Structure formats: C-alpha cells, structure tokens
Amino acid sequence: MINRDRIKAFLTLLPSMILIAVFVYGFIGNTFWLSLTDWGGVAALAENPVRNYAGLSNYKELFTGFLGGGFRQDLVNAVYYSVMLLLGAIGTGLIIAILLDNKPRGEAVFRTIFLYPMSLSFIVTGTIWRWMLAPQGGVNILPTYAGLDPLKFRWLSSTGAIFEFNWQNLLQIAFYILAAVLIIGGLMSIKQNPTRALRRFLLPGIAVGLAAWLFGDLLPKALFMEETHGFNLATLGIIMATIWQYSGYTMALYLAGFTGISQDLRDASMLDGATTAQYYRYIALPMLKPITISAVIILSHISLKMFDLIFAMTGPDNAETGHPALNMYLTTFRANDFAKGAAIAIILFLIAATFIIPYLISSYRQRRTR
Amino acid sequence: MAQVELLDICKRFGTTEVVHNANLSIGDNEFIVLVGPSGCGKSTILRMIAGLETISSGEIRINDRKVNEVMPKDRDVAMVFQNYALYPHMSVFENMAFSLKMAKLGKNEIRQKVDKAADILELTPYLHRKPAALSGGQRQRVAMGRAIVRSPSVFLFDEPLSNLDAQLRTQMRMELKKMHLKMKTTTIYVTHDQIEAMTLADRIVILKDGRVQQVGTPVEVYERPDNRFVASFIGNPPINMLEAVVHRTSDGDAISFCGLTFPVTLPDGCRDQDQVLAGIRPDSIKRDEALAALPEQWLIDGRVVVSEIVGSQSLLEFTMGEASVVAELEGRVAAAPGQTMKLGLNLENLLLFDPDTEQAIR
Amino acid sequence: MAQVELLDICKRFGTTEVVHNANLSIGDNEFIVLVGPSGCGKSTILRMIAGLETISSGEIRINDRKVNEVMPKDRDVAMVFQNYALYPHMSVFENMAFSLKMAKLGKNEIRQKVDKAADILELTPYLHRKPAALSGGQRQRVAMGRAIVRSPSVFLFDEPLSNLDAQLRTQMRMELKKMHLKMKTTTIYVTHDQIEAMTLADRIVILKDGRVQQVGTPVEVYERPDNRFVASFIGNPPINMLEAVVHRTSDGDAISFCGLTFPVTLPDGCRDQDQVLAGIRPDSIKRDEALAALPEQWLIDGRVVVSEIVGSQSLLEFTMGEASVVAELEGRVAAAPGQTMKLGLNLENLLLFDPDTEQAIR
Amino acid sequence: MKTRLSPATIALYGSLVVLALAYLMPVYLTLITSLKYPGDISLPQSWQLPPEVNYASFAEAFALLQPNIVNSFILTISATLLSTVLGSLNGYVFSKWKFPGSEIVFTLFLFGMFIPYQVILIPLFQTLRAMNLYGGLPGLILAHVVYGLPITSLIFRNFYAQIPDSLMESANLDGAGFFQIYRRIIFPLSIPGFVVTSLWQFTQIWNEFLWGICLTRHTANPITVGLAQLAGGQAVSWNLPMAGSILAALPVLLIYIVLGRYFIRGLLAGSVKE
Amino acid sequence: QSTGHLSGQLEIFSWWAGDEGPALQALIDLYKEANPNVEVVNATVTGGSGVNAKAVLKTRMLGGEPPDSFQVHAGQELIGTWVKADRMEDLTFLFKEEGWMDAFPEGLVKLIGTDTGIWSVPVNIHRSNVLWYVPANLDKWGIKPPMSWDDFFAVAPKIKEAGVVPLALAQNWTANHLWESVALASLGPDNWDALWTGALAFDSPEGVKAWELFGKVLEFTNEDASSLSWQQATDMVVDGRAAFNVMGDWAAGYMSTTKKLAPGEGFGWAPSPGTGGEFMFLADSFGLPKGAPNRDNVLAWLALLGSKEGSDAFNPLKGSISARTDSDLSKYNDYAKSASADFGKDRIVGSLAHGVTANEGFMNDFASVMEMFLKSGNAEAAGKAAQQIAVKNGIGK
Ligand SMILES: Nc1ncnc2c1ncn2[C@@H]1O[C@H](COP(=O)(O)OP(=O)(O)OP(=O)(O)O)[C@@H](O)[C@H]1O
Ligand SMILES: Nc1ncnc2c1ncn2[C@@H]1O[C@H](COP(=O)(O)OP(=O)(O)OP(=O)(O)O)[C@@H](O)[C@H]1O
Ligand SMILES: [Mg+2]
Ligand SMILES: [Mg+2]
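Chains as they are written, first to last, in this note's numbering: chain A, 16 to 385; chain B, 126 to 487; chain C, 126 to 487; chain D, 40 to 313; chain E, 111 to 507.
Misleading hints may appear alongside valid ones.
[Unchecked claim] Under the rule of at most 25 angstroms between Cα atoms (straight-line distance), these lysine to any residue pairs were calculated in the SDA-like manner:
1) E:K485 / A:A176
2) E:K142 / D:A200
3) A:K206 / B:L259
4) B:K333 / C:Q292
5) C:K232 / D:R223
6) B:K198 / B:E130
7) E:K400 / D:K137
8) C:K333 / A:S277
9) E:K400 / D:T258
10) D:K137 / C:K238
11) E:K369 / D:Y76
12) A:K304 / B:L259
13) B:K467 / C:V344
14) A:K304 / D:A200
15) B:K198 / D:L51
16) C:K198 / A:L26
17) E:K455 / E:D300
18) A:K118 / B:G262
19) A:K206 / B:A258
20) E:K326 / A:T174
21) C:K467 / B:G456
22) B:K303 / C:D426
23) C:K303 / B:A258
24) C:K198 / D:K137
25) E:K206 / E:L116
26) C:K303 / B:V458
27) C:K238 / D:R223
28) E:K142 / D:R168
29) C:K226 / D:S205
30) E:K326 / E:G273
31) C:K467 / C:E368
32) E:K400 / D:R168
33) B:K255 / B:Y212
34) A:K23 / D:N197
35) B:K309 / C:S449
36) B:K309 / B:S375
37) A:K206 / B:G456
38) B:K255 / A:S277
39) A:K167 / D:L147
The hints are simulated quantities; they were obtained by calculation from the structure and are not laboratory data. Model, not experiment: these values are computed from the prediction.
Using the sequences plus the hints, can you model the full thing?
What follows is the structure, given as structure tokens:
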C-alpha cells in the first residue's frame, strides 16, 4: 500500500549503498587481494604492471623478514602510541570535564580553550609542535622561566627506548598477554559468578601463564636473530601533541555525559552521603561507560591512522617515530612495493577491525532491540 | 520523629526571588503536602530542606537545630525524586545499599538493613535486577526503599507518583498512606495531583508564585479557602465562579447572579450592593431526590450543554442565564443537550470573594 | 457519516502476533473508545484503520468498501496523535491547510475551509502563530482543526489528551464531547484513561493482549463485564475480587466468602459448591444511612486499615476475615485505623467469575 | 554549598587556569613566531615577544599558499555540500523508512567510518585513475563525498530520530508522499542538522592530508599539502610556516569559535553514542 | 632556438625549494623570457634529496598524470626505475639536434643513457664527498681538516670534550650520505665500483669493515640528528656548534647564498677523510615522461637546461658545477672553480645516496638497513642485510 514510497526510499539509498559497497568493501577486498600478490619492484611502475599471486609471503616478510624490522618497530610504536594516547587523552579529558562539571564562572570560555585544538589539522598541529619541541627551545626552556635548568630531553629525536622486548619471543609474549587478559577478566567477573570466573578465566589464565614461563624457550622463535623493540621515547612528543589535540574531545564527550546525568541523581548521591569524588567514582563514571567505550574506539581509530601528524612533526624518515600508517604510504609510493604496502594496510585494518566490529555489532543489537 | 521549621525562608536565583518569606512549622509525625501550580517553588522549598539548595535568607530548623549550613547527608533526611533517581548501573540491592556503604557500614549490617527494607516493600525477588528491568511501580518502591533503609527522621517526596498510571497511582497512594501510619516518620510531600494532596495530607500547604497561600487540613482548604486562588486550585472539576451582587436588606440577606436572586446568610464581611464573586462547588449542585433537602428558592432551571457519566457520578455542564456552570451530580444522569433540567444550588456552602483583593469574604 | 468494519483483523510484527482476529463493527456517527493496558494493540488497530500499518490478515471496510490496499490519504480518515504531531515549522494556518494543499485545492477554497474550522475551534486569533507559541490546550485544538478541516468521514484519536494536565484534560474532554455532538462524525478514540473512556464513549472496546475482551456501552461494561479482566480493568479503585463458594440449596441461594455466608440470588450458570470469584465494586459497599436500604444479612463488620477522603467521597480499605477490601463511600469518612465499622455489601450488583476460565458466570 | 573562596574553589580555578594556559601555549608561540623577523627567531628566545613586529610573514605565506587555499575552499565547499545532501537523504531513509535489513545496511555504512583510510588507498588511487579523475579536485571531491557518507548519514539519522514518527504519519495521512514529506516536513526541520553536519564535514575535509597528497597534482593541492610543503623543507625561517599554520587554521578556527556549539554537536553525534 | 610561439602550461616537478629555489627560478625566468605565453607551474615538493618528492612523483606517474618534466638523479635512479618501467621518452634526438653528444663528458652521457636511448638532460654535477668546516673555528680550536678518518679520530675526542660536536649529522638520508663517503674511504674506489657490479659482496670482510668504520664515525655525531634537516646540520658548523659536516656541495650554495659566507674564508672544504683524489659525483637531471601533457613546452625547457646559457645561469646559484665541458668558469665562485678542477682530474665514482649507482628499490631497502644499523650498530648484520637487498634488487650476485 505504501509500497511505492518504500521503493522510492530504497532507490534513494541505493546510490549510496553502491558507493559504499564499492568504495569500502570492494576496495578492502581489492587491497586484500593485492596484498597476496608480488606487485612491487621496478615492474610495478609500468603502465600495466604484472601481478602474480604470492600467497602470504608479504605478511611473512613483514613479521619475520629481514627488512621488516622497521615495520615491526612501527607496529610496536603504534601499540604504545595507542595505549599512551588513550590513557593520556581520556585521563586529561576526564579531569578537565570534572573540573568544568562544577560549573565554574567562564565555563564556556574554558571549554572553548580546551576544545579548539580539536578543530586544527594534524598538519598544523605537527608544524606548531615541531617548533614547540625543538631541542633547545620551546618546551625545553620553559623551566628556565621558573628559574630552573632547561630540559635536555630530545623530544622528537631521542633514541632511548623503554619497555623493550625481543621480537624473537613474540609467541611467548602473546601467551603472557593472553594469560593476563584471562586473569584480569576472571578477577573482574569473580564477584558475579565465582565458579565460572574460576573455571573459564582464572585457571586457564594461570595455566597459560605458567606454561609460557616454563616452556617459553621451547616455542618457535619468531625471528632468526635478536631484535629488540620498545617504547621509543621519541614518540613522547607526538603523543603529547596528540593528547593536546584530542583531550578536548574526550572532555566534550564526558562533559556532555555529565550534563546528561540528571541533577536528581547527583542530589540523590549527595543525600546518600557521597562526596563529590565518590559521586564521580561510583555514579557518574560507571554510568558513562558507553561514552568511555566510544572514546576508546574513536581514539584508537585515530591513533591507528596517524599519518599526517608524524609526517608533519618528524618527517617521513624518522625511524624512531615511525607508524604503520606512514610506513604504508612510503612502502607503497616511495619504495614501489605495492603488495607490501597493501599488506601493511590490511594489518592496520585488521587491528582496527578487532575492536570496531564487536562495537558495531553491539550497537547494531542495541538499535534493533530498541 | 522530628519537627521541621521554616522561618522566613527566601530563595533567590540570581536576582529573581522564587520563594518569598515562607513560614511553616511541621510537627512530629505530620504528613504535610505542598501543592501549587508548576513553577510555584514546591521543589525549591523541598530541596532547601534537604540541603540541596542554599537558603538565601531565613532559617530552617530540624528538631530545633539550625541546619542552614549542615551538609545534606548530615540532616538525617531522605528524599524520593519524581523520576526516582535510581542509579541505573546498580542493582536494586546496590541502590538501596549505596547510602549505607557511603556511611561505611559493615557488609553484614548493610545486607540486613537492605533485606529488611526489601521485605517491607516486597522487593526481595528483584534485588538483583537493574532498575531498567523493573516496572514503574517497582521502581517507585525501590526509590522508597532507598529512603527508608536509612531510617531518616524526615521523608521528602517530590511528586513521587506522577510517573505512574492512574490505577497504580491509586494503589501506591494507599501504600504510602499505610507506610506513614506504620512508620510515623515526619513527611513532606510535593505533588500537583489534588487527589493525592487531599487524601494523604494531614495538612496541605498551597503555594503560588513562591508565596504560601493557605495552610490547613484538606477539609479546611476545600471548604474554607482563604482566597480565590485556593478555591479554584482545589477541587476538580473546578469551582464555578460567578459575578454576583449581595443584598443586605431588612428582609434578610440575598445574593443575585445570572439574573436570579437567592436568599442566603451572608458573612459579616460584606455590605449591601457589594460586587462579589460567588463560588459554587460543582458538588453543591443537586438534582432529583436531593432537591427535597433544599429550600424552594434555591432551585433553578438549567439548560443542559453536555453531560458525562463519571463512575457513579455525572458531570453536567449547563447554562444559567449567560453563565456556564458545571455540576457534579450523584448517580448517572443521561441528559440530552438542550434539554432543561431542574437543579438545586446548595448555597449553604457558598463561598464569597472580593473581586479586587481576591480574598475570601467571611 | 461512515461505518467502519473490522473483519478478523490480525497484525504480526515479524513472528509475534500483536492483534488476534479482531472483529468490530462501528456504526454511523458512533463514538467508539478503545481501552486496554499498555501494549495491548490499541494504537496498532487505530493505525491499521488509518492505513499507517499494513494488515497481516483480515479485512477493513469503510462504508462497505474494502480499504486494505487503499492509501492512507484516500481512506477519508483523519487522525489526531498523542503528541499532536503539529508541523513545528508551519504556522497554525499552514498546519491546517497542509492536507488541502496536498490535495491541490485552490487558495481561496483552502482559506475558506481553514477559516471555518478555526472559527469552530476558536483558533482564529492564533492562525499566524507557530505551534511552539501555543499552550497545550491550543495545540490540542490545532491538531483537532487539522483533522476536521478535511471533513473526513472517520476521526481517529490516539490518546489525544494524555499530554494535558488534569484540569485541562477535564475541560478538553467536555469540548470533545460537544464537538462530536455537533459534527456527528464517526469517531474511534484510543485512551488508557478510564474516565475518558466512560464519559466519551457510545461503546467501549476493551482489549487485552491484542484480543477484544468486550464491546459494550460504558454502563454495560461496568455493570456486566464479560470476564474477570474487564471487571478489574474498568473501575477505579478496582473491583474487589474475593474467593468464594456458592451454595444452591432448597433454602435458596447463598454465597460464602471471608468466612461469612450471604443469601443472594445466583445466576443460572453456577452449581452448588462451585468455587467462584466474587467481584464486589467499591461503590457497592455502603455505610450509615445507606445501610437501611440493604437486607440485614448483607451487613458486616470491617476493620479499618486506612481511609482516604477523595472529594465528596471516601476510600476505605478494611479487612474482612483474611481479605482486604476497598470501599468507596459517600461523604467524608474519618475512620481511625484499627477501628471496626459497620458496613453493608450491596450484593445485588455481585459479579461472579469462573476462577479457571475467568469468564463471567451469568 | 558555599560559594565563598574556599580551598576547593581556589583549587578548581587554579587548575583550570594552569590547564588553559598550557593549552594556549602553542598558539602563543605560533603567533609570536609568525610576527618575528627571521633574524629574531632563535630557539632560546622562542618565548619572547618579537622585538619588532613583522606582518610580512602573513603576506608572504599567503602569497605562497593562495592557490592551495583556493583549492581547499572549492574542495571543501563542494564536497561538504554534496555529502551533507546525500547524508540527509540517507539519514531520512535510515530513520524514517526502515526496510528489512536497513539496520544492517546502516551498520555496514558505519563501518566505513572506522577503517584506516590506508586500506582503501591503493584501489581508490587506481579507480580514480581509471575514471580519469586522478590529479584534480573532482577526484578528491568524490573521495571525500563517498567516505563522508557514513558520518553524514549517521548524524542525520540520529537527528531525524528525534523528529517524531507521528509527524511523518500525519503528513502521510495528509496526502504527502516520500519526497513531499522530505521536502515539506523533514527538510525544513533539518536546518540545524545541516549546520551541524556541514560544519563537521567542513573541518574534516579542510584538515585532511593523506588524500590531498596522494590524489592531486601540484596545482590541485589543498592547503594541508601546501602547508606541509611550506613547513617541510626549510627549518630556517620559522615565521613562514607559523604564519602558514595560522592561515591554514583560520577558517576552521573561526567556525569553531563562532559556531562552536554546532561543532560540538557534530563531534558528539559522530561518536556513535547509543 | 627561440620558440616564442609556445603556449599553455609547463609543470616542472622538483624538490628544489628554499635555498635551492633561486637557482631553479633563474632557469624558469630564462624560459619565460623566451616563452612568455607559457605558464610555468613550479611544482616543488620539499624534503632534502627528494625524500618526499619521490613518493609524490610516483603517485603522479602511476595516476597517469605525469608532470611535464621532473627532476631526477642521473644514473640508476632514473634508469633502474622509470626507464625500466618504460615511462620515459628517448631524448637521443634532442641530444643530436642540440649537439650535446659533444658538449657533455662522454662518461656522463653513458650514465644517463642505456643501449636503447638517452633518458634525461643533466643540469649539474654535484660532489658528494665533501667535508665542510669554518676555517676560523678550526683555528680557534687548533685543528686542521683531517685527511683520513684516523686523523679525525685523533682530534674528535678533544673537540667533543670542548662541547662541540665533531661531525654534524642530520636526518636519515644524510646518514646514507655519510656512509657512502666513509665506505669509499674504507673500500677505495675500485672496491666501491665492484660493489655495484656485484663483484664484491657487501658481506665480504671489506664490506663489513666499511660498516665498522661507519659505526665508529657515528660515535662522534650529534644525538638529535634525526630531527634536523641538512641545513640545520650545516648551521651547526656555521654557528660553531659542530666542527665538521659531510655533505654534498649544495651546502656551498646554502652557505654562500643564504648564509652569505665567502667561500674559502667564511667556510672551507676538503674531500671527506680518506677520499682525496676521488670525486664522488651525482647529477640532477630532467627527463620527459611519456604522456607529458605539454610535450613541446618540455622540449623547449630541456633544450634550455642543456644549453650553456642555462647551465651557467643555474649552477653558480646552485653551488654546483656545470655538466658541460665548455662552461664559463668566470661566473662561478671559488668553490665551484676548485670542484670543476677536481672533476677534471680526480677519479670519478658514483654516489649511492643520490641515485647514481643503484636503483630506487635498493636505495629504499638500504634505508631500512641503515635504520637497523643506526639502532643496533651491528656491522656484520648490516653487511649481510645489505648483501641480501643487493641480490633482491639485481645488483649483487
Ligand atoms: N537553578 C535554577 N535557576 C534559576 N531558576 C530556577 C532554578 N531552579 C528553579 N528555578 C525557578 O524557580 C521557580 C520554582 O521552581 P520549582 O522547581 O521549585 O517549581 P515547582 O513548584 O517544583 O514546579 P513543578 O511543579 O513544575 O515541579 C521556577 O520559576 C523555576 O523556573
Ligand atoms: N513496529 C513494531 N514492531 C514490532 N512490534 C511492535 C511495533 N509496533 C508495536 N509493536 C508491538 O505491538 C504491541 C501493541 O502495540 P501498540 O502500540 O498498539 O500498543 P498500545 O495499546 O497502543 O499501547 P500504549 O497504551 O502503550 O500506547 C506492543 O507489544 C508493541 O511492542
Ligand atoms: Mg518540581
Ligand atoms: Mg499507543
């Protein structure tokens, strides 16, 4: 009966659907296919390049190959980078949001100040911060205005690294991480369902951890030689700039969340005897879990496609601050290694997908049940 | 278990004063209901008592202790909010336990108290549910539970039933009444539902624009309203207000409106030929058998506009001269529009108001 | 101006059937009210009639024309939504003119029709305002105006008054009634407010879980409910349901509940010693003078639990044996809890239900 | 309870002011550096005010970046327009004309928002080339429109979700069809939605770099690429890159400061907060 | 051959910006004078040694939007990349028309051509193995430019103690640049050449030794290298924060043009340690990509580049020497004169870092090897890795 309109509706959406199908899904598939070929080298630049199926060799090379070291460091950088950005931006944003939630005078001005970096381009941010973090100027000489010695830290060119590990032991480390995840999961659910927590999480977690510790040496080595990677201190500058840019974003998210919590709840908690700190700890933050989740998702997503900022801050060739997103560009367009570039892109994509897909599925379920 | 006194309370938000010199003295165990139109300051007064809002001037005393500067949690009051303000991420148990936890009570003690409260409110089966999984009435009970678990000396309620449907509201109203009879905690209750106000209150406080209009028992405010506002505000369908003139002659007193003159006993406050407003409650209009009880002169002919049957009563809108009047009649009246009907006005309950000051003439 | 017929209507959303074989025949000029608890399918049925929802099976006929496949705008029905659904960016005039504009009527004709409708509804001064600048009652009237301007043959209302406050609701209810009396358009009206249902309806349709429970005039459904659900659903405070046993002996009929036995006239449908549910409406319980009209054997002693004064009547909850019973009594009863009171049950209005099938026993 | 100068309020304002200063530091540095003569710029004096104000950096930077700024405006405005209009139509269908599977389609759309764009870079590049769109602004516009669809559809969908269904149904009963409802009811009501979405898209597109550098030839480079060129090679006369940064940031900063409210709405809407 | 009738556009793609810009601009001015109707688009992509430009160029070429003419290092960088991919036009006809077969040194023409054609027009010759310093500073510290790396190691610790960086280094590509000078010193010119023919393996003892020496040199470089541009490293020398810097002779252009220092007095130079008598060269050149939108304009441009007039307008500003044998030395500064003389008499070898000896694939992979080495300092591994990439890229055997 309302069919004609329904058809019109569908037809309206159709062009967009086709565009998304091709430009998102088709392209991802295409990139995946490319990552399985040997498209690279001189032949890659021909008008009609020859591409042969090469299986997973590109991936193998990236993870265990001789020349993949740079990529591996980039990958490690990306992980540390995401973690630090998440902690930094969410922490700072949250603190500012709580401060502003107290409705200080001039709240709007403060809000504007904390949020304006968000509107800037990464290229602008990168340019500005490169200057801020210049070794003998900017941030480093700020302490002198307080009568202190200038800082000596080389923000963008330090070669120091902490939390180093040997890539050879990748498998062992993976098992440790699995064990840690299981144990933490177990501890978190032990209140609700002790037996299940024990059986499903804690015991397997401990077992995996022990096994990795005892028999770790027996595991196959991921690499033929020692190769240490760690948290490169040179990325600190980039992380700082990103936090500067994005903490306003988390602040806005949390502030909106806080404002969305009805005053009654706050009043109720006051009457119940909660202090302000307890209100945030027990009421506001747990209620804003969905906001925290979206902030995590979006910030991780941003940290994964970090390209512009690093490009503008430390240039394309600074190995210490490399990132797979940048590496992909250089591998593809400077080293002509299209297939390997595609493989890096797919790896990035898979990392993104591991947390985006569950998130989208759960939000889909929510929408459907609503 | 506590007296609450408001002495000359004012509340200003910025430059606008929303509560003006409110005075109120609430006795031990009393159930006080604040009513008034939206925005008249009911919630504000409640929140000042709870300590959630600062007091601009005046003094609040609980049990003879000045509490102006006392923190909410130390005032020994508990509040139930209109939307219940349940913590959505906590189970019913955790909601009820929260204040006890904040007070650093032991685990066992908390469990005991919560279990007891849950038992009283028949919430035991739901202790592990989240509020979202409860019906409106159940949520309301959880909010109550959260209040009683602390055994406070004053209960504050801000329109606690307004989110419920009619049948449930009637039911919860009676529950509340029973609860108060049992626990006898001093209670201050805000509502804009008249039936709630009339049925629950020991005394009703009627507010308008931040000013107390009248304080009295339900019967007092219904039968002897201090001013026109109270008269119109209390009672549904609302009182009929007719422009009238009073006559004090040697023949006795009389009042005339709608072109008719009725002999009545006038209060001392009015003089001959005064313009007044005559308030006649819809339930003061009678028909049929009930007419017998009224003097002949109080009977009139009404031209039916529309009639409605409401339960065992009927609402009838009729015209009398120019004026349109609503009557609430006993029994089911099926009257066709346009039909003329014999009705009687029980002018014993006649209320008179000064058209300028709007004060009751007594 | 139109009959509406629902023949074996079913509605499925996905696999869940929310309306089951609904049959209903609505006569010309009739004012039909659909009531039932939330989620019972009232809106769905209304929307199927309007054509906003497809019909899974069955047939809807308007004026003997099958309209299952007819577009909403061609069904000649107009609908008023709970939230009025006024177009916020259009003035009152434009709101009312929209459907006429869509029907490609001429400018003058549109102006004429809108002006006429505005006149009826006393909206003329507001024609150029946006809905946001109107009060609740005015918006409600605009929504009405938008419906009547098309002079449709059927009006559909989905809880049109539920957004208004109590006093305004009472007033608009009477306006609606007057309007129907004037225009006599066939009307189907959804509400969950019983008073609205009882006062407005020519006939009430009671729904539960997508099934029609009973169709009848307000008095019929109140006095002769077909089943336990209808009996409980209609009436506020709700009917008292007591477990009882009937006795048919040569001495005459009797019923016993709460440890007491009362002589009554039983319907033919029950046999000696049958377990039944006895429904006694709160307003069938009397006191004081009214007791005189009842036989001696129907008098009982009730132990007061709580009493409430509601307007000119009182609600009294009392215990009788184990059972807790609510009575609606004339006048203002001030009874202290625990006190014993002489009451009478008017068992002429006794309703009996089969405890298993829950159908009325007649 | 008290609003007097308690230690708590001092701490509150103190930390806010310190934080605000920290957030403003980079702008301060940028501004003073851009106003210095190249000779006055030295690292140890980077925080000091210019001894002599030099406005010429801006003129010079503008001269260098002018073509890029023009490109960026063309690109940003047309891509923003197209993607908001499409997004509005999509949002309309997604929220008001759900069909079986439309939620899945919507979820699939959303996914497009979260992919790292590197993963589509090579095929995008090849496709544009095959379509003869590589190198110029039209290709870049197409890319921004397509990959802007998820976010614009999302914002509009959530925006339209607030418009009650009954409004649509009412219009339907009044005789309006799919497009009439859109044109006469939905569209006039979506002005705020358009503002929010287009501001969001404007900033996103204005700030984008990866495609700018990969998909355009020199004459079509957007401002971000121009700035990267300006700032990338020489580290000598920092006044130029700083002036360039200010020029590149100005349009979005203005939008942000003047219409910040809407910008924040977009930002929140983009966070798929359910 | 003045062609004032040409019109349309000419897009010139290069990485010459900033201090190198004026040299290019001089050429463009000349071109515009001759062809007033042609709109010249000067498409520069900044980033030393073309680090960024190469990537952008690649997207352009792959995207089927080649610039009209682009800067490329003469040698394997062009041949092993674009010629092999068949994306360039043979310019033999132009060389013949313009009589360049004789104007350019024969050896150079060989390097820019293959059996099948000549692929680009060289505009300059740069020397890669130059050690820069400020004479006044050296006097102050009482040292002389080192003749060999051993000399360097003798003085470096002293300078370092004085708080001066012995050898200034900049971002990663300059490490490659330094490496080739060090390796040349370690290997000698014959072995150097042998590396690129595959006769000598990178992981041979000699190859590894070169890495070891390089590792030692690195110990005397500045820590913040990776955040500096090459100009900033040069600044360190100029400002006296560093003693030496190994950089190509475009540094001479930078110091004389931008820093306004007089060659010989303001700054001094020497062959990088251990490479006296050897001239490691590189040349910038421009080619004609197939499918260039304005082919005629390009031909006029290329003709200008190869001409004496063009060459002598460009090179004095750029700080390089002309590729032509007949250039007018009076226009050149003292540095260029000396370089020109050396070019005539020294042993010529090709530069790795600037694309003469190896194709782009190798150079890119070599950057990874360099990163690895900078981090680990493991000469053995670096040698092995270098050999592996040489094999992969068709250089080693
Ligand atoms: N925080 C505030 N700032 C400024 N004005 C306020 C504030 N809170 C309340 N008001 C104003 O004070 C007056 C009284 O508000 P209050 O909430 O007490 O009314 P109320 O009687 O509870 O109304 P309702 O029945 O609608 O709940 C209103 O005019 C309201 O606008
Ligand atoms: N589009 C839909 N999809 C699935 N189920 C629906 C849909 N619309 C309504 N329902 C379900 O159909 C049943 C009847 O809904 P309907 O809206 O008709 O109830 P109602 O009687 O109008 O309730 P209320 O008084 O709350 O308005 C409900 O259980 C509801 O959840
Ligand atoms: Mg209130
Ligand atoms: Mg409904």
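Structure-based check of each hint:
About 11 angstroms separates the Cα atoms of E:K485 and A:A176, which keeps this hinted pair within 25 angstroms; it holds. For the given pair, E:K142 sits about 61 angstroms from D:A200 by alpha-carbon distance, which is inconsistent with the 25 angstroms threshold. Simply put, A:K206 and B:L259 have alpha-carbon atoms about 23 angstroms apart, close enough for the 25 angstroms limit, and the pair holds. At roughly 17 angstroms between alpha-carbon atoms, B:K333 and C:Q292 fall within 25 angstroms of each other, so this suggested pair holds.
Between the alpha carbons of C:K232 and D:R223 the distance comes to roughly 18 angstroms, so the proposed pair stays at or under 25 angstroms and holds. The hinted pair formed by B:K198 and B:E130 meets the criterion: a straight-line CA distance of about 18 angstroms does not exceed 25 angstroms. Note on E:K400 and D:K137: the hinted pairing is violated, with a Cα-Cα distance of about 52 angstroms set against a maximum of 25 angstroms. Between the alpha carbons of C:K333 and A:S277 the distance comes to roughly 35 angstroms, so the proposed pair goes past 25 angstroms and is violated.
Between E:K400 and D:T258, the direct Cα distance comes to roughly 20 angstroms. Compliance with the 25 angstroms bound is thereby established for this hinted pair. Our distance criterion of 25 angstroms between C-alpha atoms is broken by D:K137 and C:K238, whose separation comes to about 35 angstroms. At roughly 16 angstroms between alpha-carbon atoms, E:K369 and D:Y76 fall within 25 angstroms of each other, so this suggested pair holds. At roughly 21 angstroms between alpha-carbon atoms, A:K304 and B:L259 fall within 25 angstroms of each other, so this suggested pair holds.
Between the alpha carbons of B:K467 and C:V344 the distance comes to roughly 24 angstroms, so the proposed pair stays at or under 25 angstroms and holds. Of the pairs offered as hints, the one joining A:K304 and D:A200 holds, with about 23 angstroms between alpha carbons and a cut-off of 25 angstroms not exceeded. For the proposed pair B:K198 and D:L51, the alpha carbon gap of about 23 angstroms is at most 25 angstroms, so the pair holds. Between the alpha carbons of C:K198 and A:L26 the distance comes to roughly 23 angstroms, so the proposed pair stays at or under 25 angstroms and holds.
Using a Cα cut-off of 25 angstroms, the hinted pair E:K455 and E:D300 holds, with the two alpha carbons roughly 17 angstroms apart. Distance check on the hinted pair: A:K118 and B:G262 sit about 35 angstroms apart at the alpha-carbon level, beyond 25 angstroms; violated. Distance restraint check for A:K206 and B:A258: the Cα-Cα separation of roughly 21 angstroms lies within the 25 angstroms cut-off, and the hinted pair is therefore satisfied. For the given pair, E:K326 sits about 17 angstroms from A:T174 by alpha-carbon distance, which is consistent with the 25 angstroms threshold.
Note on C:K467 and B:G456: the hinted pairing holds, with a Cα-Cα distance of about 23 angstroms set against a maximum of 25 angstroms. With a C-alpha separation of about 20 angstroms, the suggested pairing of B:K303 with C:D426 holds against the 25 angstroms cut-off. Between the alpha carbons of C:K303 and B:A258 the distance comes to roughly 43 angstroms, so the proposed pair goes past 25 angstroms and is violated. Proximity of C:K198 to D:K137 is assessed by CA-CA distance (about 21 angstroms); at most 25 angstroms being required, the pair is judged to hold.
For the proposed pair E:K206 and E:L116, the alpha carbon gap of about 22 angstroms is at most 25 angstroms, so the pair holds. Restraint check for C:K303 and B:V458: the C-alpha separation of about 16 angstroms stays at or below 25 angstroms, so the hint holds. Our distance criterion of 25 angstroms between C-alpha atoms is met by C:K238 and D:R223, whose separation comes to about 21 angstroms. A hinted pair counts as satisfied when its Cα atoms are at most 25 angstroms apart, and E:K142 with D:R168 does not qualify at roughly 32 angstroms.
Proximity of C:K226 to D:S205 is assessed by CA-CA distance (about 19 angstroms); at most 25 angstroms being required, the pair is judged to hold. Using a Cα cut-off of 25 angstroms, the hinted pair E:K326 and E:G273 holds, with the two alpha carbons roughly 19 angstroms apart. A hinted pair counts as satisfied when its Cα atoms are at most 25 angstroms apart, and C:K467 with C:E368 qualifies at roughly 22 angstroms. Under the criterion of a C-alpha separation no larger than 25 angstroms, the hint pairing E:K400 with D:R168 is consistent with the structure, at around 16 angstroms.
At roughly 9 angstroms between alpha-carbon atoms, B:K255 and B:Y212 fall within 25 angstroms of each other, so this suggested pair holds. At roughly 21 angstroms between alpha-carbon atoms, A:K23 and D:N197 fall within 25 angstroms of each other, so this suggested pair holds. Between B:K309 and C:S449 the CA atoms are separated by roughly 22 angstroms; this keeps the pair inside 25 angstroms, and the hint holds. Proposed proximity of B:K309 and B:S375 is contradicted: the alpha carbons are some 54 angstroms apart, above 25 angstroms.
With a C-alpha separation of about 61 angstroms, the suggested pairing of A:K206 with B:G456 is violated against the 25 angstroms cut-off. Using a Cα cut-off of 25 angstroms, the hinted pair B:K255 and A:S277 holds, with the two alpha carbons roughly 18 angstroms apart. Only pairs whose Cα atoms come within 25 angstroms are accepted, and A:K167 paired with D:L147 is rejected, the gap being roughly 49 angstroms.
Hint compliance for this structure: hints 2, 7, 8, 10, 18, 23, 28, 36, 37 and 39 are not met, and every other hint is.
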